[in-house]
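Asker: Sequence:
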Amino acid sequence: MAGIRDPLCEDPPPSRFDPDELDFLAPIPDAARTPPRVEWEPLAEAHLKSGKLHPEFLIVALSTVATNIIHHLPDKNLLGKILLPGNSSVKKEGERSILDKTACIYTCKSCTSVVIVSVQYHVPEEGANMWTKTLFQNIQPERVLIVALTPIHHFRGKLSSDDPSFFLLETDQQKREEKADLIYSKREEAEETKLVAPYYPSGSLVDGLPAALLTHCQLRGLRGRLLVTWPAEDSRMAQMLAATLTNVLRLIPQGSSSAEAHASTSPLS
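Residue numbering for the sequence shown follows our numbering, starting at -9 and increasing by one per position.
Hints in this document: simulated from the structure, not taken from any laboratory. Cβ atoms here follow ideal geometry from the backbone N, Cα and C, with glycine treated the same way. Any given hint could turn out to be false.
[As the list claims (entries may be wrong)] Keeping only pairs whose Cα atoms sit at most 35 Å apart, straight-line, the calculated DSBU-like set for lysine-lysine is:
| # | residue 1 | residue 2 |
| --- | --- | --- |
| 1 | K169 | K39 |
| 2 | K91 | K123 |
| 3 | K123 | K165 |
| 4 | K99 | K39 |
[Stated by the list, open to error] Computed beta-carbon distance windows for the label pairs:
| # | residue 1 | residue 2 | range |
| --- | --- | --- | --- |
| 5 | A170 | T54 | 28 to 38 Å |
| 6 | Q130 | D153 | 29 to 39 Å |
| 7 | R226 | K123 | 31 to 41 Å |
| 8 | R23 | A170 | 39 to 49 Å |
Based on the provided sequences and hints, a complete structural model is requested.
Answerer: Encoded structure:
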């Protein structure tokens, strides 16, 4: 009997899975199952309808460059925050920092039809759908622009660290309505709001929160755009992106923002 194996007492044999494959079998963390929560500021009451915002434009800033630009815009009011589970918001208006782990919801003082969400924390891939659902349950826009960074290993092709790059993905509804605007009486308006950037190359990857947001727009029939940028931190990229937000989306009236000084450098307008 000494040669018979005891499966209850002996150590199990080595796993035939690679460590990376085992990660897919791990249970989803509780934090990913708990939806984020929205905390509205008193100022938001004048903008809420049935507890929701209904802007014409929604801009979701995900990249470091985009969140820095939004943080330094003077022409904005804080309407609320999207907080991850376990995070709390106790800071006052003058105490906000770009390093805060929060997602601030702003509106432009001179253009209340535009709402900006500046996401200053990382949303895990497994929690991206839950975060997206919370966002659109509280904000129901007509058009959406998402600004995100493309990791170099997700891009099919070559990216130069010396040359800032923009790439575009659009929903079907965005393409249809943009084409209709050019055909009918809204040609001038369509040209003003058109993003002239190359499409994201076929075979390149978008995942996580940017993919979840654009997918929601596609499934809900919204006019949605995803603008992916490279590199992560570059002064010229900041200037070009600031000019794009100023000129193309008309977020800031003429003469009201420091971003306007860089408008002439934008290749997207």
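Asker: Looking at the structure, which of the earlier hints fail to hold?
Answerer: none
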